[in-house]
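J.: Numbered by this note's numbering, the letters in the sequence shown go through residues 1293 to 2005 in order.
To be clear, the hints were calculated from the coordinates, so they are not data collected in a lab. Remember, it's a predicted structure, so these values are computed and weren't measured experimentally. Take these hints with a grain of salt, some might be off.
Calculated pairs, EDC-like style, for lysine to aspartate or glutamate (alpha carbon to alpha carbon, straight line, at most 20 Å) [what the hints assert, rightly or not]:
#, residue 1, residue 2
1, Lys1652, Glu1780
2, Lys1786, Glu1856
3, Lys1786, Glu1624
4, Lys1747, Asp1573
5, Lys1786, Glu1905
6, Lys1696, Asp1467
7, Lys1696, Asp1523
8, Lys1652, Glu1905
9, Lys1532, Asp1547
10, Lys1747, Glu1761
11, Lys1747, Glu1780
12, Lys1747, Asp1630
13, Lys1747, Glu1570
14, Lys1747, Asp1762
15, Lys1696, Glu1444
16, Lys1532, Asp1596
17, Lys1747, Asp1594
18, Lys1747, Asp1592
19, Lys1695, Asp1523
20, Lys1532, Asp1594
21, Lys1696, Asp1442
22, Lys1695, Asp1442
23, Lys1652, Glu1902
24, Lys1695, Asp1445
25, Lys1695, Glu1570
26, Lys1747, Asp1505
27, Lys1696, Glu1570
28, Lys1652, Glu1624
29, Lys1786, Glu1746
30, Lys1532, Asp1592
31, Lys1652, Glu1856
32, Lys1695, Asp1467
33, Lys1532, Asp1505
34, Lys1747, Asp1787
35, Lys1696, Asp1445
36, Lys1696, Glu1501
37, Lys1652, Glu1570
Computed spacing ranges between beta-carbons, pair by pair [claimed, not checked]:
#, residue 1, residue 2, range
38, Leu1849, Ala1349, 47 to 53 Å
39, His1836, Gln1804, 23 to 29 Å
40, Glu1303, Arg1383, 30 to 36 Å
In this text, a Cβ means the ideal position worked out from N, Cα and C, and glycines have one as well.
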Amino acid sequence: MATRPTTERDEASNLRHQLADRLLSAGHIRTSPVESAFRTVPRHAFAPEVPTEMAYANDTIPTRHASDGRTISSVSAPWLQADMLEAARIRPGHHVLEIGSGGYNAALIAELVGPIGNVATLDIDPFVTERATRFLAETGYDRARVITADAEDLPEGIVPDEGFDAIMATVDTWDVPWIHALAEGGRLVAPLRLHQYVWAIGFTKRDGELHSDGPLTVCGFVPMQGAGAWDANRRTVPGKGIHLAWEDGTPLPVDQLAAAFSRELSLTRTHVTVGGQEPFDALTLYLAGALPGFCRLSVDADSDNGVLNPPPPHWPGAAIVRGASLARLATERIADGDDGNGVYELVVHGYGPTRHLAAKEMAEQVQHWQRNHRAASYPCITVQPVASHGSASDGHTPHVFRKKHTRISVDWPVIPGTAALLTDDEGRYLLHLRSADKPIWRPGQWALLGGNTEKGETCDEAIVRELAEDTGLTIPGLTTFATLDTLEANGSLKDRVRVYQGRLNLPAHEIQLRDGIQLRWTRIEETAEMTMDPGTAAVLQAHHGGSHSARGSDGILPTVQVHEPNDHRSRSIVGAHLVLIRDGAVLLGKRHANSAFAPSTWHLPAGHREDSEAAASCMIREAEEETGLVIAEGDLSLVHVVDLLDPGSPIPRVQFFFAASRWEGEPVVREPDRCTEWRWWPLTALPEPIVAYTRAALESMSRGALYTAMGWS
1293 MATRPTTERD EASNLRHQLA DRLLSAGHIR TSPVESAFRT VPRHAFAPEV PTEMAYANDT
1353 IPTRHASDGR TISSVSAPWL QADMLEAARI RPGHHVLEIG SGGYNAALIA ELVGPIGNVA
1413 TLDIDPFVTE RATRFLAETG YDRARVITAD AEDLPEGIVP DEGFDAIMAT VDTWDVPWIH
1473 ALAEGGRLVA PLRLHQYVWA IGFTKRDGEL HSDGPLTVCG FVPMQGAGAW DANRRTVPGK
1533 GIHLAWEDGT PLPVDQLAAA FSRELSLTRT HVTVGGQEPF DALTLYLAGA LPGFCRLSVD
1593 ADSDNGVLNP PPPHWPGAAI VRGASLARLA TERIADGDDG NGVYELVVHG YGPTRHLAAK
1653 EMAEQVQHWQ RNHRAASYPC ITVQPVASHG SASDGHTPHV FRKKHTRISV DWPVIPGTAA
1713 LLTDDEGRYL LHLRSADKPI WRPGQWALLG GNTEKGETCD EAIVRELAED TGLTIPGLTT
1773 FATLDTLEAN GSLKDRVRVY QGRLNLPAHE IQLRDGIQLR WTRIEETAEM TMDPGTAAVL
1833 QAHHGGSHSA RGSDGILPTV QVHEPNDHRS RSIVGAHLVL IRDGAVLLGK RHANSAFAPS
1893 TWHLPAGHRE DSEAAASCMI REAEEETGLV IAEGDLSLVH VVDLLDPGSP IPRVQFFFAA
1953 SRWEGEPVVR EPDRCTEWRW WPLTALPEPI VAYTRAALES MSRGALYTAM GWS
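Produce the complete structure using the sequences and hints provided.
T.: Okay, here's the thing in structure tokens:
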């Protein structure tokens, strides 16, 4: 290659060492081999289009663009290359495959594997591979083999007999079809794409599967091309300039959402806060796995769309679709913050007829993440080949993402909250009354002092901080007492708390309570007359009975379990059915052949009440979701009730039938997976098959009866 002038070589060398110094100081470079590689490989030689100083900036250098201006090849940002090389744990003599070429990263890998190692770098674009081949030869790294191929199917002969020791992908990776090419115990580092979020993740192959064991780094790479390119699965709400994307999961109908964004929205507070510069990408990954129907929401910049505080173009919002309603995660600035970047509360905006319910569902998951997972450094991700896991299920499995070649599961460590079991010399317990006016855990109940563990804290550190924040007290000699697990009715974990015990002899009125209503010293027999947090009550009983006084012989902390209180009073499932009569005919829909209830059978437009929803509101919502018809509540009247009583079912059902005096629109199929057609049938010639209680209700109404009791089955 042509020799550069001495002053230019000196400038490049100085800039290269300055870049290495910055990466080392910031913690991106953590080992001497990676440091040596960055100080050796001339980055500017792989980006001759830009000035030398720009080549050594800690930023991406675009090198090829598509016809629409999108970057389709680049030299990645040095900080990210360093992080990924460290995660790959490449050693001298290793065989390494790079997916996505540019030359510079291959040269860094060549420095790490040394002359006895092997580097193969692969790209689908001949322009990119020709460029990489030329630059690698010019810089003395021509021992790196450059391959032009589609990474979806690796060419024969390039995989070593024992597999590659490391595989690095430097393009957005929606799926991971290379597990078979990786040696057992080998490392794979890739920018994994889940629901449009991208994280650089390091994996180790164990027993044919990939297991992550390090932090997730938010990043962005050029898109994968060829057979492995991802599909945005984007749907557009008609006339609104609002787009919803389901890169993972099954896209849902969106046409019915147009009316939702023309109505007043709801705002549900979570009381979960983040700093202005604090990322919360872990929360969005959690929501993507926890909530069925999760999608990403983006809006056209110049559209009149009805979206409050729309998300930025580069970071679409987290959303869920529930029929004709939608909920979306947003932020609201609530304080300036000590650093001047602000403090923001995570809130949920709801749109559509059941906006409150959809927003509540998402907000509850945000709060669950806050209580149980936020303090975790990172989740553990497992990638399994589809062939080894069997056929995929159509249903939603929490925190599982099904790809073409793999099944990706995300395991969220539970980081316990903390509580202080404080006693005095009289054997009394210090309890505090929680505010009843805040949407907090156990409002209006007596509980132990304590709170959540924050990120990076141990539980030991968290309880000391919480006591200081709540009361200004420092309690010496705190020791662990037990783990308190609160379980849902189905036995799944809802909340976990590590309980510490300590001694304090100080009158309650002398303790400055900074959060809550009141402190009091309480004897165990007095708690029976108090409104107690069930978990606190269980811990006090365990302590008073001496059943959890020490760790077991195996060193494991004893566990106190408490179930969420059950309401054993009789509850009925409430259904709402729409009776539309026009010219002596009633509107019926034919249910889908794969429907779980009454397949290929005619039925009225109907649905179930959700949570505390009024039956009339349910009817209005279901009518719009199923048929597209808009009905005002004042135009509905209750015309019949069917009481479905079945000795074989533990839950009775009450079915309300509403008639509408008028409505807007014509019936259309809005939920094709449930109903295949709507048709007007003469009341004197009802079709077969028809749902039995629907026929019974229509016949009773024709006789003027208001009530029918019959068996469900």
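J.: Indicate, hint by hint, whether the structure satisfies it.
T.: Going through the hints against the structure:
1. Between Lys1652 and Glu1780 the CA atoms are separated by roughly 18 Å; this keeps the pair inside 20 Å, and the hint holds.
2. Proximity of Lys1786 to Glu1856 is assessed by CA-CA distance (about 9 Å); at most 20 Å being required, the pair is judged to hold.
3. Of the pairs offered as hints, the one joining Lys1786 and Glu1624 is violated, with about 27 Å between alpha carbons and a cut-off of 20 Å exceeded.
4. Between the alpha carbons of Lys1747 and Asp1573 the distance comes to roughly 14 Å, so the proposed pair stays at or under 20 Å and holds.
5. Note on Lys1786 and Glu1905: the hinted pairing is violated, with a Cα-Cα distance of about 25 Å set against a maximum of 20 Å.
6. Among the hinted pairs, Lys1696 with Asp1467 is consistent with the structure: their alpha-carbon atoms are about 7 Å apart, no more than 20 Å.
7. With a C-alpha separation of about 12 Å, the suggested pair Lys1696 and Asp1523 falls inside the 20 Å cut-off, and the hint holds.
8. Taken as a hint, the Lys1652 and Glu1905 pair is honoured in the structure, with Cα atoms around 13 Å apart against an allowance of 20 Å.
9. Of the pairs offered as hints, the one joining Lys1532 and Asp1547 holds, with about 10 Å between alpha carbons and a cut-off of 20 Å not exceeded.
10. Only pairs whose Cα atoms come within 20 Å are accepted, and Lys1747 paired with Glu1761 is accepted, the gap being roughly 17 Å.
11. With a C-alpha separation of about 25 Å, the suggested pair Lys1747 and Glu1780 falls outside the 20 Å cut-off, and the hint is violated.
12. Distance check on the hinted pair: Lys1747 and Asp1630 sit about 18 Å apart at the alpha-carbon level, within 20 Å; holds.
13. Between Lys1747 and Glu1570 the alpha-carbon distance is near 12 Å, which keeps this suggested pair within the 20 Å criterion.
14. Proximity of Lys1747 to Asp1762 is assessed by CA-CA distance (about 19 Å); at most 20 Å being required, the pair is judged to hold.
15. Distance hint between Lys1696 and Glu1444 is fulfilled; the C-alpha atoms sit about 11 Å from each other, no more than 20 Å.
16. Among the hinted pairs, Lys1532 with Asp1596 is consistent with the structure: their alpha-carbon atoms are about 7 Å apart, no more than 20 Å.
17. Between Lys1747 and Asp1594 the CA atoms are separated by roughly 39 Å; this puts the pair beyond 20 Å, and the hint is violated.
18. Distance check on the hinted pair: Lys1747 and Asp1592 sit about 36 Å apart at the alpha-carbon level, beyond 20 Å; violated.
19. Between Lys1695 and Asp1523, the direct Cα distance comes to roughly 11 Å. Compliance with the 20 Å bound is thereby established for this hinted pair.
20. Pair hint Lys1532 plus Asp1594 holds up; C-alpha atoms about 10 Å apart against a cutoff of 20 Å.
21. Taken as a hint, the Lys1696 and Asp1442 pair is honoured in the structure, with Cα atoms around 16 Å apart against an allowance of 20 Å.
22. Proposed proximity of Lys1695 and Asp1442 is supported: the alpha carbons are some 18 Å apart, at most 20 Å.
23. Taking the CA atoms of Lys1652 and Glu1902, the gap is about 12 Å. The hint holds against a cut of 20 Å.
24. The suggested pairing of Lys1695 with Asp1445 holds, with an alpha-carbon distance near 16 Å, which does not exceed 20 Å.
25. The straight-line distance between the Cα atoms of Lys1695 and Glu1570 is roughly 30 Å, outside the 20 Å bound, and the hint therefore fails.
26. For the hint pairing Lys1747 with Asp1505, the CA-to-CA distance comes to about 18 Å; that is within 20 Å, so the pair holds.
27. Using a Cα cut-off of 20 Å, the hinted pair Lys1696 and Glu1570 is violated, with the two alpha carbons roughly 34 Å apart.
28. For the hint pairing Lys1652 with Glu1624, the CA-to-CA distance comes to about 17 Å; that is within 20 Å, so the pair holds.
29. Note on Lys1786 and Glu1746: the hinted pairing holds, with a Cα-Cα distance of about 18 Å set against a maximum of 20 Å.
30. Of the supplied pair hints, the one linking Lys1532 and Asp1592 holds, its CA atoms being roughly 9 Å apart against a limit of 20 Å.
31. Simply put, Lys1652 and Glu1856 have alpha-carbon atoms about 19 Å apart, close enough for the 20 Å limit, and the pair holds.
32. A threshold of 20 Å between alpha carbons decides the hint, and for Lys1695 with Asp1467 the separation of about 6 Å falls inside it, so the pair holds.
33. The hinted pair formed by Lys1532 and Asp1505 fails the criterion: a straight-line CA distance of about 43 Å is larger than 20 Å.
34. Under the criterion of a C-alpha separation no larger than 20 Å, the hint pairing Lys1747 with Asp1787 is consistent with the structure, at around 17 Å.
35. Note on Lys1696 and Asp1445: the hinted pairing holds, with a Cα-Cα distance of about 13 Å set against a maximum of 20 Å.
36. Distance restraint check for Lys1696 and Glu1501: the Cα-Cα separation of roughly 16 Å lies within the 20 Å cut-off, and the hinted pair is therefore satisfied.
37. Between Lys1652 and Glu1570, the direct Cα distance comes to roughly 24 Å. Violation of the 20 Å bound is thereby established for this hinted pair.
38. At roughly 50 Å, the beta-carbon separation of Leu1849 and Ala1349 lies within the given 47 to 53 Å, and the hint holds.
39. As the Cβ distance of His1836 to Gln1804 is approximately 28 Å, the hint placing it in 23 to 29 Å holds.
40. A hinted range of 30 to 36 Å holds for the C-beta pair Glu1303 and Arg1383, which are about 33 Å apart.
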